[in-house]
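Number of protein chains: 2
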Amino acid sequence: MRRTIGSMLLAASALAAPAHADTLVDNIKGETIAPDGTLQSFAAFLFDDSGVIKTVYRPGDKLPKPGRKGYQFHIDGKGRVLLPGLIDAHGHVMQTGYALLTLDLSETTSLSDALARIKAFAAAHPDRPWIIGSGWNQERWGLGRFPTAAELDSAVGDRPVWLERADYHAGWANSAAFKAAGITASTPTPEGGAIERLADGRPAGVLVDKAQGLVDKAVPPPTPRDDDLALTTAEADLARRGVTGIADMGTSTRDWMTFRRAGDANRLYLRIMAYAAGTDTMAEIAGPGPTPWLYADRLRMGGVKLFLDGALGSRGAWLKAPYADKPDTHGLSLLSETQLGNLMSRAAMDGFQVAVHAIGDKANGVLLTTIEDLSHTYHGDRRWRVEHAQIIDPADWPLVTRIAANGGIVASMQPVHQTSDRLMAEARLGPDRLKGAYAWASLKQAGAVLAFGSDTPVELPDPWTGIAVALTRQDASGAPAGGWRPEERVDSLTALAGYTSAAAYAGFAETRFGRIAPGLRADFILVDTDPMTASPEAIRKTHVLQTWIGGGKVYDAESPAGGK
Amino acid sequence: MRRTIGSMLLAASALAAPAHADTLVDNIKGETIAPDGTLQSFAAFLFDDSGVIKTVYRPGDKLPKPGRKGYQFHIDGKGRVLLPGLIDAHGHVMQTGYALLTLDLSETTSLSDALARIKAFAAAHPDRPWIIGSGWNQERWGLGRFPTAAELDSAVGDRPVWLERADYHAGWANSAAFKAAGITASTPTPEGGAIERLADGRPAGVLVDKAQGLVDKAVPPPTPRDDDLALTTAEADLARRGVTGIADMGTSTRDWMTFRRAGDANRLYLRIMAYAAGTDTMAEIAGPGPTPWLYADRLRMGGVKLFLDGALGSRGAWLKAPYADKPDTHGLSLLSETQLGNLMSRAAMDGFQVAVHAIGDKANGVLLTTIEDLSHTYHGDRRWRVEHAQIIDPADWPLVTRIAANGGIVASMQPVHQTSDRLMAEARLGPDRLKGAYAWASLKQAGAVLAFGSDTPVELPDPWTGIAVALTRQDASGAPAGGWRPEERVDSLTALAGYTSAAAYAGFAETRFGRIAPGLRADFILVDTDPMTASPEAIRKTHVLQTWIGGGKVYDAESPAGGK
Chain A
1 MRRTIGSMLL AASALAAPAH ADTLVDNIKG ETIAPDGTLQ SFAAFLFDDS
51 GVIKTVYRPG DKLPKPGRKG YQFHIDGKGR VLLPGLIDAH GHVMQTGYAL
101 LTLDLSETTS LSDALARIKA FAAAHPDRPW IIGSGWNQER WGLGRFPTAA
151 ELDSAVGDRP VWLERADYHA GWANSAAFKA AGITASTPTP EGGAIERLAD
201 GRPAGVLVDK AQGLVDKAVP PPTPRDDDLA LTTAEADLAR RGVTGIADMG
251 TSTRDWMTFR RAGDANRLYL RIMAYAAGTD TMAEIAGPGP TPWLYADRLR
301 MGGVKLFLDG ALGSRGAWLK APYADKPDTH GLSLLSETQL GNLMSRAAMD
351 GFQVAVHAIG DKANGVLLTT IEDLSHTYHG DRRWRVEHAQ IIDPADWPLV
401 TRIAANGGIV ASMQPVHQTS DRLMAEARLG PDRLKGAYAW ASLKQAGAVL
451 AFGSDTPVEL PDPWTGIAVA LTRQDASGAP AGGWRPEERV DSLTALAGYT
501 SAAAYAGFAE TRFGRIAPGL RADFILVDTD PMTASPEAIR KTHVLQTWIG
551 GGKVYDAESP AGGK
Chain B
1 MRRTIGSMLL AASALAAPAH ADTLVDNIKG ETIAPDGTLQ SFAAFLFDDS
51 GVIKTVYRPG DKLPKPGRKG YQFHIDGKGR VLLPGLIDAH GHVMQTGYAL
101 LTLDLSETTS LSDALARIKA FAAAHPDRPW IIGSGWNQER WGLGRFPTAA
151 ELDSAVGDRP VWLERADYHA GWANSAAFKA AGITASTPTP EGGAIERLAD
201 GRPAGVLVDK AQGLVDKAVP PPTPRDDDLA LTTAEADLAR RGVTGIADMG
251 TSTRDWMTFR RAGDANRLYL RIMAYAAGTD TMAEIAGPGP TPWLYADRLR
301 MGGVKLFLDG ALGSRGAWLK APYADKPDTH GLSLLSETQL GNLMSRAAMD
351 GFQVAVHAIG DKANGVLLTT IEDLSHTYHG DRRWRVEHAQ IIDPADWPLV
401 TRIAANGGIV ASMQPVHQTS DRLMAEARLG PDRLKGAYAW ASLKQAGAVL
451 AFGSDTPVEL PDPWTGIAVA LTRQDASGAP AGGWRPEERV DSLTALAGYT
501 SAAAYAGFAE TRFGRIAPGL RADFILVDTD PMTASPEAIR KTHVLQTWIG
551 GGKVYDAESP AGGK
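Line by line, the protein sequences give chains A and B.
For reference, each letter of the first sequence is one residue, going 1 to 564 in full-length UniProt numbering.
For reference, each letter of the second sequence is one residue, going 1 to 564 in full-length UniProt numbering.
Take the hints with a grain of salt, since some may be wrong.
[Said to hold, decoys possible] Simulated crosslink set (DMTMM-like; lysine to aspartate or glutamate; CA at most 25 Å straight-line):
#, chain 1, residue 1, chain 2, residue 2
1, A, Lys217, B, Asp280
2, A, Lys217, B, Glu487
3, B, Lys435, B, Glu487
4, B, Lys217, A, Glu284
5, B, Lys217, A, Asp280
6, A, Lys210, A, Glu284
[Said to hold, decoys possible] Derived CB-CB ranges, DEER-like:
#, chain 1, residue 1, chain 2, residue 2, range
7, B, Gly380, A, Ala116, 39 to 45 Å
8, B, Asp216, A, Arg267, 44 to 50 Å
9, A, Arg346, B, Thr184, 26 to 32 Å
10, B, Ser252, A, Asp61, 41 to 47 Å
Hint data in this document are derived by calculation from the structure and do not stem from the laboratory.
Just so you know, these numbers come straight off a predicted model, no measurement behind them.
The beta-carbon is built from N, C-alpha and C at its ideal position, and this holds for glycine as well.
Model the full structure from these sequences, guided by the hints.
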């Protein structure tokens with residue numbers, strides 16, 4: 001009999017089926033958010049060798065027994081709280097990794113403290129050709145002078161070290177860095193800069209202002225090895241915080257290649273919902289439509305990220321009325337309404353999801369109007385994403401409601417931005433426009449799906465702080481008392497959904513992960529705090545004990561080096 | 001228990017009896033080249049459900065029986081010749097597909113003949129937004145005038161059609177093309193061009209010289225959908241010629257994305273050994289080292305393609321002595337010797353294979369010297385590839401021998417270039433330099449591994465013509481009698497190896513495909529001619545009856561549209 005590829009693949013898939021070896025997770029206080037937004041409690045669940053959940057057991061259900069007819073592996077939750085792996089609905093994976101790869105000296109209290117940290121950091125990263133860092137301040141150290149290359153050499157002599165001062169107006173180099181940069185006694189001092197020198201003219205260690213460029217240009221640009229390391233570093237940092245999935249907002253071709261290298265080498269464990277950095281990158285990577293889910297649901301390019309305006313702090317956010325603290329500007333739009341519509345059409349016509357950065361009320365109004373216009377052409381389940389949705393004029397809330405009813409709308413918001421921005425936002429907007437600022441409850445009320453994230457590395461990718469802020473609109477110090485515009489707080493179900501089921505829905509992933517339910521991937525965390533019942537202060541201090549992705553443990557607080 | 005993906009897989013595997021879903025191929029005259037270069041004949045072979053060969057049976061061996069303990073599927077070779085799938089050691093996959101996607105009118109004998117072909121081509125490609133072609137010549141048609149848009153409209157009215165004349169100095173458009181380009185009676189005639197017009201001034205159909213640009217700029221640039229179509233088209237064309245693998249020489253990021261889309265969608269069947277278009281593309285795609293073999297050995301980026309000089313025809317080939325027919329030039333080098341060494345080092349230090357285009361004797365001399373220098377630094381099995389190796393000064397042959405003994409060297413040559421270039425090469429080189437031109441036998445004698453290819457689309461990717469030329473150094477007409485410098489002919493074993501085992505070796509793929517042997521992929525073809533015994537004329541006319549890749553049929557002459 002002749003055979004076709006089709007029949008061969010069918011047989012091959014049967015061959016690929018795992019041996020019957022299931023894992024039971026029990027002795028847990030399990031909590032997951034159901035599609036209808038209610039809390040589902042469970043006492044145990046079973047997942048198979050491919051890391052897919054087979055059965056979820058409610059309290060009182062009869063559990064399977066060990067053995068061929070039951071389960072072969074067992075995880076004892078020791079009575080702890082088990083939640084679905086958390087999802088950051090808006091972050092930047094590679095930038096997060098790169099931020100973690102540099103040394104932060106902002107907390108150092110003395111030169112010796114700094115030298116010790118530098119030495120430890122270099123020892124912890126033997127593969128790094130250069131040690132790069134920032135944040136030092138000799139005044140804070142009570143040193144009364146700049147530190148020297150010789151002092152830095154005593155900590156790290158084998159490689160160049162280049163550390164920027166807290167104000168970025170000076171840099172501290174070791175001898176290897178000066179050698180790599182070719183800076184000697186005969187190097188002239190650049191215009192607008194200064195080179196601290198020894199008696200014999202050789203560089204002493206610190207370069208000021210324009211002179212920093214002499215070393216900057218010798219620092220090697222990131223290599224693909226650096227990219228691979230940055231990804232692994234980001235994955236590990238997210239895993240220890242209980243984050244098992246993320247929407248990568250603005251994936252470049254280079255980022256994508258890095259994700260694929262990890263997947264091809266079977267070392268990608270984070271679930272990445274990639275949104276291309278613009279429509280050209282989208283088309284180059286994914287082509288005529290979204291990619292399939294790759295690597296057992298760990299990577300997909302399903303959409304595009306566009307920018308409509310800038311940020312509030314720099315007064316780049318596009319406002320309907322002038323800035324309260326700078327009446328001569330409304331901010332700026334990065335795209336005309338026609339350009340925005342064309343770019344969104346280009347993506348939507350090929351079935352890509354569209355995610356648009358919109359901060360100011362004018363940007364959000366224009367975006368919502370454009371979405372409603374496009375929704376007459378592009379039908380079906382679109383889940384238009386508004387990234388940040390920071391200030392939306394209450395007059396535009398009905399637009400949200402209409403889009404929610406026709407195509408769907410996701411408000412992709414970052415709770416911690418509210419506390420970080422509060423005083424700045426009040427200054428920029430004045431009292432009359434605050435009703436529509438960070439208006440989580442109102443946007444949910446209007447019909448938007450709330451997906452929560454961190455915008456990492458802009459903020460730490462810590463979902464526990466995010467949940468605590470979502471419940472209180474207070475910062476770590478408890479300010480302001482009672483919360484800022486507390487009517488926009490959300491309840492604990494909405495907060496947890498924002499970091500699990502709703503964040504998965506926002507990426508068209510709700511049938512794959514984001515809940516503990518049959519047929520979904522076994523992504524889960526064990527924690528020491530119940531976000532449904534604990535105080536916001538306690539939630540903020542949550543310790544993640546274990547993180548599992550696809551039935552594999554990627555973090556264990558008792559052996560943090562763990563990994564896959 | 002609830003049914004899940006996992007449990008359905010288990011059920012399927014229970015029914016599939018995977019251990020015995022093998023396929024026996026018998027009743028064949030099987031021939032494959034052994035690693036030692038000798039011919040191995042076989043009467044049958046067995047491959048498993050993953051498309052991997054398990055056992056090869058020599059004539060007289062006892063064959064397994066059908067059933068649970070033997071094989072489940074059977075392919076009757078009907079006594080025909082079975083060979084390993086052929087490999088093109090130097091081609092351009094995407095350009096080959098794009099060349100096939102345009103309509104070739106060079107063979108048309110009349111306007112009605114042309115219109116019929118245009119109509120059929122449009123009907124065969126309903127998804128093409130534009131119909132693009134070339135090669136028409138109204139003189140050859142005996143038309144005595146230019147064809148008209150109205151005539152073209154009668155063949156294709158629903159889409160723009162744009163057909164360049166054989167000399168590319170004129171283009172023939174239909175009304176839809178004029179509409180798309182906005183060309184009307186009021187369109188001024190561009191400087192240096194002409195617009196054939198009707199009495200009322202409307203364009204009549206043909207645009208001459210500079211006026212062609214008016215339509216050219218309206219032709220949409222290729223989309224990712226076009227890329228996907230070009231790849232599928234190239235795969236189908238190669239499959240019908242018996243080609244199951246190819247070295248893609250100069251893979252761009254866009255090409256790579258297209259290959260991956262096909263692999264991700266499980267529609268890539270051609271085996272592509274990708275060599276990146278330069279070291280930057282190499283690093284962007286593959287990162288710190290060659291990619292793994294992807295998609296069951298169907299795609300890998302294992303190396304980089306560099307260019308050291310140009311081509312002989314355009315006198316871009318870099319020669320030691322001046323051109324015989326243009327004594328004021330030696331041709332040109334595209335890289336300095338330092339640049340060449342640096343680029344080769346950048347690739348070699350990360351374990352990438354290096355393939356360098358070298359045509360002229362100076363280019364080949366410089367390349368061989370550079371390889372020998374690098375081989376002191378980069379040890380082990382390197383298989384340095386010289387692409388084309390067209391003219392190598394016999395004084396440099398000892399370099400080939402030394403490199404062969406230390407790192408290994410592949411002469412990646414295209415037999416058909418010899419017949420296409422013969423007269424031109426004699427003119428360019430004069431009589432004294434021909435000894436080192438297209439010197440297949442001498443380079444093999446010197447120790448190089450001969451890998452044969454077509455440089456498709458520069459030449460048709462037809463390995464049968466290549467084998468016939470390799471045996472004769474004669475063109476299709478049999479010229480020159482006795483063959484051109486017949487001392488450089490190779491025997492049939494070397495010719496077949498050049499398109500199978502040696503071509504796989506040249507891409508570090510010899511343990512995966514290129515032979516019929518246990519553990520290798522079941523890539524094979526059934527043909528009507530035995531290249532070991534037939535005359536070169538007969539080999540040239542070989543018909544491929546079936547082409548199989550990885551145990552799946554991708555071409556069947558009895559149902560050419562069939563395959564996957």
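We went through each hint and held it up to the structure:
no. : hint                               : verdict
1   : A:Lys217 with B:Asp280             : holds, 20 Å
2   : A:Lys217 with B:Glu487             : violated, 57 Å
3   : B:Lys435 with B:Glu487             : holds, 10 Å
4   : B:Lys217 with A:Glu284             : holds, 22 Å
5   : B:Lys217 with A:Asp280             : holds, 20 Å
6   : A:Lys210 with A:Glu284             : violated, 39 Å
7   : B:Gly380 with A:Ala116: 39 to 45 Å : holds, 42 Å
8   : B:Asp216 with A:Arg267: 44 to 50 Å : holds, 47 Å
9   : A:Arg346 with B:Thr184: 26 to 32 Å : holds, 29 Å
10  : B:Ser252 with A:Asp61: 41 to 47 Å  : violated, 56 Å
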